[in-house]
Each structure stands twice: as structure tokens, then as C-alpha cells.
Amino acid sequence: MAEPVLSVKNLTVQFPTRRGVLTAVDDISFDIMAGEVLGVVGESGAGKSMTGAAVIGLIEPPGRISGGEIRLKGERIDNIAPDAMRAIRGRRIGMIFQDPLTSLNPLYRISQQIIETIRTHLHVGEAEARKRAIKLLDDVGIPDAARRIDDYPHQFSGGMRQRVVIALALCAEPDLVIADEPTTALDVSVQAQIIDVMKELCRERNAAIMLVTHDMGVIAETADRVAVMYAGRLAEIGPVRDVIKNAFHPYTQGLMGSIPSLTTDLDRLLQIPGSMPRLSAIPKGCPFNPRCPKVFDRCRIERPDADPVAPDRRVACWLYPEVTPA
Amino acid sequence: MSAPLLDVRHLSRRFDVSKPWLNRVIERIPRVHVRAVDDVSFEIAKGETFALVGESGSGKSTIARLIVGLLKPSDGEIIFDGKSLARGLKGAEARRLRRRFQMIFQDPFASLNPRWRVTEIVAEPLKVFNTHKSDRERRKRVGELLSLVGLSPEDGAKFPHQFSGGQRQRVAIARALAANPEFIVCDEPTSALDVSVQAQILNLMKDLQAEFGLTYVFISHNLSVVRHMANRIGVLYLGRLVEVAPSHDLFARPQHPYTRMLLDAVPDVEMTGRRRKKVEGEIPSPLNPPSGCAFNPRCPFANERCRIEVPALKPWRGQPVACHGIEEGRIPDGPAQPIASVTAP
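Chains L and D, in that order, give the protein sequences.
Heads up: the first sequence at position 313 corresponds to 313 in the UniProt record's numbering, and the numbers run straight through without jumps.
Heads up: the second sequence at position 294 corresponds to 294 in the UniProt record's numbering, and the numbers run straight through without jumps.
If we strip away everything but chain D, and leave its shape as in the complex, we get:
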């Protein structure tokens, strides 16, 4: 295998959520940190779509922000095409690398400046990276980009509020594409949209990927969307990766008890008669995570070791899984999901 495009090694990020200094002194309480992302490692090859799934508070958006450099990691490294980003890049080199990855945000109502016309929004990366020098060149390129995402070049004169949610997300995608990136981090790109619009955006993203050979990091809480989009999936729970697997395998043979639970919890839209197992408990507070494996209070297979020792991500049948039970072989193979046998008509 060739070198991965993105290599994330032992990435951690802590947030200081302590009370103010005076309160700490008077109430005699120590500093408090949240480990939003804790020792996460994964690789992404060129041209693939790697998805991160998890419930709220699992650290998926924090990872997205760390990758694009909106946050600095507390520990660990992010290596993009052989160059480490975490150590801080300066000047021209930073700019050259930055141009190669872009981000699409969840809320197209918040990620577009309401006072700018669409042309200005989409042209900003062209200006920043100085790829198109004259105004006329830029305007021409914006027109191309807008047609590429299914809008009309005339739409450039409009303001964001004149568009629907789906159209705004198209504008955000056009802006991300403006700098000709190779790598796009998509943080819940469709969760603010209606299903029929979501289908349009997902199809558009797949088309663009095929056309430009893009690599995506796709972050979502919606398992069926992730299954549709991703080649490989990493499952996050309380800031740690619990399982990484090719998309098809993850849905056919989920290993980690949390992944199994998550798949069981998805409503059965097609009414195949699949019975949902009742899920117990809720995701614990990241401020005070359980000791040992973070999933142990909800896990039906937890034993003493799970409550004490944090499991590491170890390969199991070729797929990394972080679970003592799997490693020791005391968790039975889950019943093969009906998903495994069915293929497209």
C-alpha cells in the first residue's frame, strides 16, 4: 500500500473546563479537563471516504477541527502527505498545504456570511490562495464552480438568505472546491437537511469525488448515511476509537459491543421485521468517564478487567477493535445481521 494521504497518530485533545481561578482557590477544587479526543489513530488513503460515527460527545467534530487546524492537538500528530501539521507550519509552506484540504460544515445557515454575496463567498479562497489574480478570472471560476454544484452562475449575485438549506450547502461545497483541494473534511454535511435534499447533496458529493478524485473524511451520527458514503468507518465512543472496519464488514459483522448496540438501535425503515434490542443507559459525561473501558457500564459483556484496564485498539481478524472481551474470545460472534445477505436488486 502506498503512503496514506492522512495519517493521524495518537491524537488527543483536552479542554480546560475549570472554574475561574478564584473559585478554585476558595472552593479548593482542582483544574478540570475534558478529554474530548483520547489517543486516536487512523490512516486515510487517497481517494477513499473514511467516516467517523458516534453519538453526541464522542469527539467526532473535535477530530474534524483538529485535522483542518481549527484546534491544536494536546498530544499526537497529524501527518498530511508526509508532512506533520501538528508541529505548526509557517508561511508559504502552510499556505501550500492548507490549500489542499478544505472543510464543509454542518449548518449552512451559520457557515456562510449573510452579508456577502455568493460570488464573494465562493471567491474568497481564490483570493486568499491567490490562484486567480484578476477579478474577471475569479468571476469566471466562480461561475464554473456554481454550475459544478448544480446552481446557476447567475445565482452568484444573490445573498445566502435567498437560498434554501440544500442550495446553501451547495454554495458551501462550491467554496470548499474553489481551491482545488484533494481532501475535504465534511462535518455532518447533511444533518440539517431534509431527506430528499440530503439525497441530492450526497449524490453530488459522490459525483464530485469521482470527478476530482477527492478524499473525504465524513463525520456523521447517521449510520445509514455513513454506510452509503464510506469505504471505511471508525466508531468513536467518548473520545476513543472502539472499532475501525471497512464499511461492508462493519455492518455485516460488527465486533465491538458498542457498535453492535448502535446498529441495533437504528430504526428499521424498510420494515424488514428486524427486532431492535433494547439499549440500556446513556453515554456517560465526558467530564467523569468510567474507569477502564468507557463503555463498560452499558456493556452486557463487561467483567472486572473491563472496569480497570483501558483496552487498546488491537487487530482482530484484520480489523482494529478495542475490547478485552473480543481479545479474550469471551464475546460470541454476534448473530450475522440480515444486512450481510442482502444485495442491491
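Here chain L stands alone, though its shape is the one from the complex:
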């Protein structure tokens, strides 16, 4: 079997505070293969952005990776020196953040920002870098790229800015792109355009994408596989179609049921009672047990691991017996 581009094993991220240690990401494992899009969904506080930040080594102190390992094409990147990580960030892992206005420097022209990034990571001259930058902007769908490249970020609309950010993330031809809520700040009609551009370019370049979002619609359209997170833990992971059409974990089922549908008339939405626990008060056993409609005794005592229950599917729930792959 081919080696995954990104392999995360038993990753744990903790924040020591005066009131004790908070565990933001708790024992998470997943792989992403080349050319694959892994969607990471969850509600706010589920630890999805923190997982992305851990992979690119941008966890703010006092937070730290306290366990597990992250491998990029087989090499460990979670324990390397900050300088070495800086060389990987941008070069081998590209990043796209939610708000395109804050990820671009308002005082520099788009050309300066892209050319600087290209020249930092690749050994090319100024003229060659500019040529590549124009080609990239053209690829992400900016009309009249040769002229627009010398504009400032404020001269672009929100959707166009996000295209520039995608161009920046891809300019060093990374193996992996981490997109943290890339379309949340955009209108629906523009959202669809951005998703298409991102998907197409990564497929062409055979880059893997880790797509972090709270929007199930975006996941359904974009991802190949999806990981559902709850209270810092992996609730369920599997092919996107299976998870959406036939969710195993009661949390995923509730999440899907609470999305108003465009195709069916429902009088009431399915509702999960209560809210996500705070990090300082995660219940014992399965973190979802106080809100789970199918809870039984074992859930309150023993914590389920995300174990394989079907081909290519892992679920952290005592309802499903573990299946050892043949």
C-alpha cells in the first residue's frame, strides 16, 4: 500500500492552565493519502482547528503536543526544531485560513506577497517567480491576472481574495494543504466557486487536503473521507458518502438530523439536547454520553476508542463491536 502523505497517530494536544490541564485534542489518529480530501467536521470547541494547527506546528503556547506523532511522508514533524518546521510550512504544507483579509498583508501588493513566497521556498529568479505567480493567479480563476497581480488586497472582493490565498498556499507545490474554514466567510454562490478551484488544483498537483469546517454541505461536496470530531476526540471516520447516508455514531446521526433539508419537509428538526461540554468538564466514559439517546451503563464508565467496525470505517461507540480487519 502507498504511504500516506500525512499520518497522525494518537495525537494529543494539551493546555496546562492554573485550574488543571485541558485536553483540546485527545488521542486522534488518521491518515491522508496523496490526492485525497479528508474533511474534518465538528462544532465549535470540538478541536478540529487545533488538530490542523498541530499538524502545521502552530499551536500557541502554553498549548503543546503532549503525545502521539505526526508524520509527513513518513518523516516525523511533530518534534523537529522550529527552524526545520518553518522550512516545511509553506513549502511542503500549504495553508488556507478562514478570513482572506487577515491572511494577506494589506500593505504589500499581491505580486510582492506571492513572489516572496515562491522565492523563499523555490530557487528561482525574480522574473521566473513573477511568471509563475501570474500563471497561478490565472489557474485560480482571477481574470486579467497579469494586470491584477500588482493590485493591493483591498482592491479584490472577498471571493477573489480567497482565490489569492489559495494561490499562495499552492505556490510552492506542497504535498499537503490544510484549509481551515476556507469558505465560511463567503457567500454561497462564491463558496461553490472556491471549493471547485481548490479541489481541481489539488487534484492536478496530487496534493492531499485536510479540510477543516463546520459546514456539512461543504464536506459532502468536497471530501473523499470525513472525520467527525466531538469534544477533542474522533467520533467517527469513514468515506464521506457512507458517513452522511448511514452514520453510525449517535452524535453524527444527530448532527445530520439537525441540518434543515432542501429536499424534505420536516415540521421539526431532530435536536440533540444540551451542548458540547467545556474542556474543563468532559464527562467520564464517552464524552457524548449525557446527550446520547442510546446511552447505556458502559458508556458512562468506559471510554470507547475509534475502532474499525466496517471496511475503512472507525467509530468510537460501544454500540458497535470492533471488527478486526481480515
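Calculated directly from the structure, the hints in this document are not laboratory data.
None of these values were measured; they are calculated from a predicted model.
By construction, the Cβ of each residue, glycine as well, lies at the ideal position given by its N, Cα and C atoms.
Please note: incorrect hints may appear among the correct ones.
Simulated restraints on C-beta separations [said to hold, decoys possible]:
#, chain 1, residue 1, chain 2, residue 2, range
1, D, L287, L, G74, 35 to 43 Å
2, D, S191, L, L22, 26 to 34 Å
3, L, A127, D, L287, 36 to 44 Å
4, D, S191, L, N246, 39 to 47 Å
5, D, S41, L, N246, 46 to 54 Å
6, D, H248, L, Q155, 38 to 46 Å
7, D, A312, L, D144, 31 to 39 Å
8, D, K127, L, R147, 58 to 66 Å
9, D, E327, L, G125, 56 to 64 Å
10, D, H248, L, K135, 44 to 52 Å
11, L, L22, D, G213, 43 to 51 Å
12, D, R115, L, L22, 22 to 30 Å
13, L, K131, D, P297, 25 to 33 Å
With a cut-off of at most 30 Å between alpha-carbon atoms, the simulated DSS-like pairs for lysine-lysine come out as follows [claimed, not checked]:
#, chain 1, residue 1, chain 2, residue 2
14, L, K245, D, K206
15, L, K284, L, K294
16, D, K206, L, K294
17, L, K284, D, K158
Given the structure of chain L, go ahead and fit chain D onto it with the hints provided.
Coordinates of chain D only, in the frame set by chain L:
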């Protein structure tokens, strides 16, 4: 049909976004206005939920603010239960009318005063409208309101920061209900919330509507939420209404090319295999809107007339649509959406 509860007629609002006087004189540039809302008319009957959808910059929040009187219209009239609000009401009459409509805002983190306890926040309308005179009466009523929205009366002693986003929105709803209104303007009430919390709030709003016979104006950019909540929907584009239709018809047979585009752009959560059509272009700047129909640069059916003449909202098969192409019959009926055939299991 009985007289509508709210009747909005030719409502317009312009904002002056000119540079300062000195700059205008030196640089010889004229005043600049944005037409945030441009000649919008609609009616809302008692007990219904009327939704306004549109992308950012389409003027939906401005309309909400105009209705509740946070902004004054530049032109047009807002008639609530037979009385015009736009001409300015004074004194006791204003107070009596004002009590009957309330607003729920988008961001429950910004709409609650962080220095007030929840009891004080919810009791404020009771004080302002002088419906409950003594402190004890007010406290009792606040307790009832909090239980009504699914919080506990003891929560009244807490401050807003001690609540999650969904709970804060419940507090905002309790405050809106405090004055026993008939009419509530909800400006993106769930867009700051997670989906599972959104479901709780939407269910609560529906329950309250059934219990108290409330009329809602529901403003949102999220089409699936709008479909779930509304009886009728108005689609806004750059400050103008382009289509008004009953919720089911709008989703089954969207007429205006913009509505069709908007529906096509919604991600397919249920993975029905519906193919999204690629949407071209972006909403233009309201500072410099295209001439004629504002949608013409993105419209696949645009012709010369669309570029010159602003289409008016005219009934087409009983539903108002503002489109020359529809009127002339040169736009084919869209393929019936798969949505039309499917009903609840």
C-alpha cells in the same frame, strides 16, 4: 384576505458614503450614495413567517432595521396594522405600537449587555413599557419567560458570559417576548450558532410561534434554514426584490435566474447526486450597480433590454417576479428541481 399585519410599500433607503466636504471640493467629486434598499414592497399576513434571503450586500439587514425603526426610510412607507410608521410616531401611540414588535439580532455575544444580569436584560422591556410595575412582578415574569425559552429561572442571576451561544440566543428571545409582541423581526438569528444548537433554536422559535400566534420576518442567507422556517420568501439582490413566492413553490419552481442560481449553489448535503451548476461572477458593488437589471452581468439570459431597463416586480403565474426575460417568455422553465417530488418520509 384580511388586511396584512405589515405592509411595506416602495421602501427605499440610501446611505451617504461621500468623502468629507473638503475632499469633495478639492477633488471635484460629487456626493456618493449607496442604494441599500431600492423600491421594495411586500405584505406580511398575521401568523405567517416571511423570509428575506440574499447574499451579503443585498440589503436584508437594512430592511430589518427599517421595519423596527432603527433606521428611517429615505422613501416609501411601512404600515403596521393600518398605521404608518415611516411618518414618525410620537409619544404614547409610538410606545403602544412599538411594544407590538420586537427584534432578535444575529450575534448574541453583542446584543446582550455584558454588565447586566440576565434578569435585568429580560426585565428591561417590562420596565420600559411599564407592563409590570413592581420589582416582584417583574422578577416573576422574567422567571416565566426564562422557563419558556428552556432556561431555568435561576439562570436570571447569571451574566451573559456564563452562557453558551445558544443559551444567549435564548435569552435574546426571552427579552423579545417580554413585551408580549405579535411581530418579531429575526435578523440571522442562528447564523452565529453551531448546527445542533441552530436546530434547538429553530424548533424553539417554531414552538413559540404556534403558542403565541407570532408573525416573523426571518432574515437569513441560509436557504435550507429559510425553507424550513418560512411560509413565503422574498429574494433580494442588490437592494431590490427579484422574486416573492410561497416557500414550497420557490424551491420547486424558482423563476428568476438569480433564484435559480442561488438554489444551484447550495451544497448538496444529502448527496442526492444533484449536480451543481457553476455560478459565474460575484455580487457587484452596490456603489456602482450595473444599469438595467442589477443581475444582468451574471445572467445567462440577459439581452439588450436587461442592460437598459430596470425590471419591475410583476405577477407571473401568481407570483411576483422582476425579470424581463420571464415576462417576455424567453426564459425556459427551469428543470423541475428534484426537490419538488420528494416529501417527508
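Tell me, which hint numbers fail for this structure? Per hint list: 1, 4 violated.
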